[in-house]
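J.: Read off the chains here:
There are 4 protein chains.
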Amino acid sequence: MSATGVFEFPLQVRYMEVDAQAVVFNAWYLTYFDEAFAAFMAARGLPYEKMIEAGFDVQLVHTDLDWHGALRWPDQVRVAVSTARVGTTSFTLDFQTRRDGTPTCTARTVYVVIGTDGSGKRPVPPQLAAALGPPTPLRAP
Amino acid sequence: MSATGVFEFPLQVRYMEVDAQAVVFNAWYLTYFDEAFAAFMAARGLPYEKMIEAGFDVQLVHTDLDWHGALRWPDQVRVAVSTARVGTTSFTLDFQTRRDGTPTCTARTVYVVIGTDGSGKRPVPPQLAAALGPPTPLRAP
Amino acid sequence: MSATGVFEFPLQVRYMEVDAQAVVFNAWYLTYFDEAFAAFMAARGLPYEKMIEAGFDVQLVHTDLDWHGALRWPDQVRVAVSTARVGTTSFTLDFQTRRDGTPTCTARTVYVVIGTDGSGKRPVPPQLAAALGPPTPLRAP
Amino acid sequence: MSATGVFEFPLQVRYMEVDAQAVVFNAWYLTYFDEAFAAFMAARGLPYEKMIEAGFDVQLVHTDLDWHGALRWPDQVRVAVSTARVGTTSFTLDFQTRRDGTPTCTARTVYVVIGTDGSGKRPVPPQLAAALGPPTPLRAP
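Protein sequences, first through last, are from chains A, B, C and D. Going by the working numbering, the first sequence opens with residue 1, and the numbers climb by one from there. Going by the working numbering, the second sequence opens with residue 1, and the numbers climb by one from there. Going by the working numbering, the third sequence opens with residue 1, and the numbers climb by one from there. Going by the working numbering, the fourth sequence opens with residue 1, and the numbers climb by one from there.
One or more hints might be untrue.
When chains are identical, the list treats them as one kind, so a pair holds in a single copy or across two.
[Said to hold, decoys possible] Okay, derived cross-link-like pairs now, SDA-like style, lysine to any residue, Cα gap no bigger than 25 Å in a straight line:
| hint | residue 1 | residue 2 |
| --- | --- | --- |
| 1 | K121 | R78 |
| 2 | K50 | L11 |
| 3 | K121 | D64 |
| 4 | K121 | G55 |
Just so you know, these hints were derived from the structure itself, not from any lab.
With the hints as constraints, model all of the structure from the sequences given.
T.: Now the structure itself:
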């Protein structure tokens with residue numbers, strides 16, 4: 001896959017993820033986005049293990065989510081992932097759960113880059129910037 | 001408890017909530033806030049069952065979270081809950097996880113009020129507005 | 001798929017499922033088996049919705065698990081499912097998580113059949129017995 | 001607390017733990033028992049950190065669960081924990097969830113003792129045996 005555009009990660013809602021209202025409980029969306037993030041980075045040639053080996057890691061500092069609809073068991077879902085912004089020591093990704101092409105939740109997450117040596121924040125390494133590619137946000141800033 | 005001010009809900013981090021980095025995985029914060037929301041409403045005299053009996057329910061439409069630090073097992077945590085805004089058909093609550101008085105995550109969540117009869121959005125009922133009380137946000141708008 | 005033999009359900013370990021020891025926390029195995037059960041029934045021509053429509057449901061009354069090894073993120077896993085026994089009002093399934101063909105956990109679960117009308121236990125309906133097929137246990141009784 | 005008898009750990013069912021049938025999904029029981037295990041060891045004077053410091057850890061190799069009833073949100077639950085057996089390199093604990101004194105699930109779990117140095121199985125250390133105390137099983141063998 002080329003380092004541009006929107007990546008899509010397929011998943012199926014699990015029965016245990018729905019609550020007494022028979023819809024996916026809100027916290028599971030963050031789990032979906034975390035899985036999609038890992039798959040996105042791997043698809044862009046920089047899987048998590050490779051990041052760690054290169055001496056850096058990422059930390060989630062902000063996320064916001066807007067729900068437009070509900071997911072139910074056993075829905076087939078596609079999670080869209082796209083680079084929204086690449087900053088000096090942080091980057092931002094957009095996420096969207098889609099069922100039959102219809103968005104049910106749109107989210108934005110900010111990650112900071114840290115050294116694995118405990119040295120704290122560090123600049124976004126060139127290989128990470130290359131993997132993230134040019135920003136193509138899924139929503140307006 | 002009077003219907004004003006900041007409510008605090010105690011919880012203990014579970015071992016299964018920490019990830020390979022030994023910190024609480026992000027999605028669990030939404031679970032913490034959901035539990036704290038239910039306890040807050042009960043403390044304000046309007047437990048969930050009573051809401052349902054009165055013919056209305058709430059739906060989460062937006063949440064945003066900012067992490068300032070990490071939680072670890074078996075941390076004792078207090079989750080602060082406070083009314084941030086009461087609108088026409090929606091209301092907003094602020095949440096904050098605190099360990100030894102130090103915030104580790106601050107969040108804001110918007111709920112819309114819906115009828116249990118499937119009629120969709122409806123105005124915030126007076127008994128709900130009374131339970132929510134005057135806004136005392138935990139953070140700036 | 002014919003109603004005989006061992007069914008296999010593929011899944012990938014999620015990052016949030018591993019604990020501070022970097023191995024999948026024990027409770028997630030029950031989630032894996034639940035998903036594999038639903039997929040097994042669907043593959044045998046009796047998906048959950050169809051069961052409910054036919055007026056019956058199943059309830060888990062017993063499960064036992066033996067761990068032979070650990071799963072790690074992001075392991076690709078296959079969950080084997082097989083009918084172990086079909087009784088009068090209950091049936092038993094065997095489950096096994098396998099990574100690269102090597103078992104990491106073997107489990108056995110007993111389900112009772114109940115009416116959706118609240119009438120309690122009822123005999124295993126012929127269509128369910130047909131879907132379960134002849135027993136081919138994954139382990140000795 | 002003295003190193004004998006049945007220990008009880010209080011917990012409250014979380015909304016997100018119930019499924020579309022409005023009962024606690026089976027996997028959460030293993031989470032409850034894990035929390036109760038940690039609390040039990042701490043109450044007996046050997047919290048997890050102390051075990052690790054002493055150079056050993058435990059690994060779950062078997063568990064079996066029998067459900068007699070269901071738990072619902074927001075049930076107040078007490079989890080009973082008791083030593084069932086202390087062997088050469090393993091030990092067994094019994095667990096039981098109780099609501100208003102009525103058991104809803106009874107379980108038995110076998111743990112093996114391992115060195116934290118990667119040396120594999122090792123004999124149950126005297127301090128662990130002392131903490132476990134004399135067996136008082138919650139159910140017949």
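J.: To test your reading of the hints: which numbers does this structure violate?
T.: Checked against the structure, the only hint that fails is number 1, while the rest are satisfied.
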